[in-house]
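Undergrad: Below are the chains, spelled out letter by letter.
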Amino acid sequence: MVEKVGEQSSEGAIFIGAGVEFKGDMTVPGCATVDGKFEGVLKAKSLVVGQTGNVSGQISVETAEVRGVVGDNLTVQSKLVVRSSGSISGAVSYSKIMVEEGGELAGTIEKIAPAEAEQKIVSIQRGE
Amino acid sequence: MYDCSLIVVPQHEDEVAEYDWGNFPPNKHHKGKTSFSIIDESAGIEGKLIARTAFIHGQVQGLVFAEHVTIEATGRVDGIIFCRTLNVLGSVRANIVCDNVIVRSGGRLSANLKYRSMKVEPGGLVGGQFERRVVIDGRAKPGPATPVAMTANRNGQ
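Top to bottom, those sequences are chains A and B.
So the first sequence is numbered by my numbering: it starts at 1324 and just counts up by one.
So the second sequence is numbered by my numbering: it starts at -19 and just counts up by one.
Keep in mind that the hints were calculated from the coordinates and are not lab data.
Any given hint could turn out to be false.
Unchecked claim - So the derived list for chain B, only partly shown, Cβ under 8 angstroms to chain A, looks like this:
hint	residue
1	Val(-12)
2	Pro(-10)
3	Val106
4	Gly107
5	Gly108
6	Phe110
7	Arg112
This one's a predicted model, so the numbers in the text were calculated from it and none came from an experiment.
Glycine included, C-beta positions come from ideal geometry on N, C-alpha and C.
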């Protein structure tokens, strides 16, 4: 099986619980776990979207594990894991991917080299 | 024998979605036998491949219309794929309408894809425009075969 994304990190992390709605920009050095709703710009080392989670906006992370819903722009520098309850729509870029049966991918899917991903993240930060 | 040229290839994704695979001529013709077609490594097809189950080790340029399609590690398909289940271990660049798609490790799928359920194993590669088809009624349609499926259409595409 695939190792779990975003565990045992000593770096700063954030947890958005179920029912919590957050709108805005966020930079997380560690793991961002979203069980509630997030809308905006998110830059993090890893992103974990729980079953009840809903994330939309400009998301750029190194690794992501999706059990809930992710919309708009998602850039994953290294590994993207979509679990069976996960659903991603919009523009997705990744360098490694795994989708469990039942997981949904819709929109424009693109594979990128990790170096390209970095450039993409920089341009997102600049707002280009 | 059925006349292959009488098989109407769906022109639209909705037709594939409602396609009555139980009355797909190659399915009816096999009469319970286990039958499949292999395009081997040295073979290539330009045009239409219509089969019940197809294992593609070689190259296909054009249309693949089958209930079950497996593109093996050495296989390559460029064109259009209409099927029920699609297994990708090789390389595909196509417009695809299917029910289930599985991209295995080493498989490369670059497609305009409409699917119902998908799975990408680690090491698989996917790209392109994807769209999930909404399942209105997962069960096979009751009643006789759709008359459309028996209309003559020699052009195919």
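Undergrad: Each hint should be assessed against the structure and marked as holding or not.
TA: Quick rundown of the hints versus the structure:
no.	hint	result
1	Val(-12)	violated (29 angstroms)
2	Pro(-10)	violated (21 angstroms)
3	Val106	holds (6 angstroms)
4	Gly107	holds (5 angstroms)
5	Gly108	holds (6 angstroms)
6	Phe110	holds (5 angstroms)
7	Arg112	holds (5 angstroms)
When the structure is compared with the earlier hints, violations turn up for hints 1 and 2 and for no others.
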